[in-house]
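Sequences are here, hints too, so could you generate the full structure?
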Amino acid sequence: MADEHDHAPAHAPHIHVTPMWIYIAVFLALAVGTLLTWWVSTIDLGWMNTPIALLIATIKAVLVILFFMHVIHSTRLTWVVVIASFLWLGVLFILTFADYLTRIWQIY
Amino acid sequence: MSDIAITDAAPEPHVHHPFLQHHFEDLGQQHEASTLGMWMFLSTEILFFGGVLCAYWVYRIMYPEAWAMAAEQQNKLYGGINTIVLIISSLTMALAVRNAQLGKRKATVGMLFATLIFGSTFLAIKSIEYWQHFHEGLFPGTNFTWNEVPALAPKVQLFMTFYWSMTGLHALHMVIGAGLLLWMMMRAWRGDFGPEYYGPVEIMGLYWHFVDIVWIFLFPFLYLIHGVHHG
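Residue numbers (this note's numbering), protein chains in the order written: chain A, 1 to 108; chain B, 109 to 339.
Honestly, I wouldn't trust all of these hints.
Here are the in silico distance ranges between beta carbons for each label pair [unchecked claim]:
| id | chain 1 | residue 1 | chain 2 | residue 2 | range |
| --- | --- | --- | --- | --- | --- |
| 1 | B | 257 | A | 66 | 39 to 45 Å |
| 2 | B | 130 | A | 101 | 50 to 56 Å |
| 3 | B | 169 | A | 36 | 21 to 27 Å |
By construction, these hints were calculated from the structure, which means they are not laboratory data. Since we're looking at a predicted model, the values are computed, not measured. Every residue gets a Cβ at the ideal spot worked out from N, C-alpha and C, and that includes glycine.
In structure tokens form, the structure reads like this:
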């Protein structure tokens, strides 16, 4: 029954100690992302401003989830829950927008 | 499996880890179950904040000019500094978990304390912003005052309603997080954690990083809307 790959004491959790440099690299990426978001908001890119801000925020969130929250080393069941959360979030957004953003009698 | 078998011959002295709950096979299973459970909770939190964000986007698409003008009421410097402060607190939180995994007791307490300090710094800067907005008349209600473009004032007030509720809910999560940090500091100091058992610090970290992610989205949504429609 025991996991043969487990070098920790018997019955201990399967530990992945993330190397220090990964934490520092993720932190630096998050800081650069923050400065980039701020800088991009000061220049006029027309309709592209919002998608770029969203893209940077999403990349930052994925970095936090994978490395700070250790999802990259989590079990597949955890992956299912994490991915399902965002699928439900997508359902929430898409169905709401399918209603409110298609009311052509309103002027946007 | 063999250790489940009950024999009256030689009752093996079963040494249980003091923090192993009786309904789990071993600490590894307990750790996996608590991680999964925390993610279940976080998925409800994602939808909780998602609901407010969704309403925010419906109105932002309806009233783009008002949203852009309202975002200019925000102090981008305070917002930016707070974003960096919160990212640093996430780093120290991650390092607290790492130290707990390695069984470094004092370093764990130290990193948890650093997280608490940065989290409190965030809340202090947020309080200054709230105080300023309150005195500028930007709190929704009968005393709301914003006269730049009178026709847009009700929509700017709507934006500010989102601003106060979203940042308020976020700040509430931070306050709860600060309480959890104090609790974890106490347990870490007591020497509860080590390579075999660090689940509570890890779970606390998941919560803290989630709150950080919420802010990663709130910062561009509430402070950095590019005003393409005027000027």
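Cβ separation of residue 257 of chain B and residue 66 of chain A, checked against the hinted range 39 to 45 Å: holds (43 Å)
Taking the CB of residue 169 of chain B and the CB of residue 36 of chain A, does the distance hold inside 21 to 27 Å? holds (24 Å)
Taking the Cβ atom of residue 130 of chain B and the Cβ atom of residue 101 of chain A, is their distance within the range 50 to 56 Å? About 53 Å separates the Cβ atoms of residue 130 of chain B and residue 101 of chain A, which means 50 to 56 Å holds.
Of the numbered hints stated above, none is contradicted by the structure.
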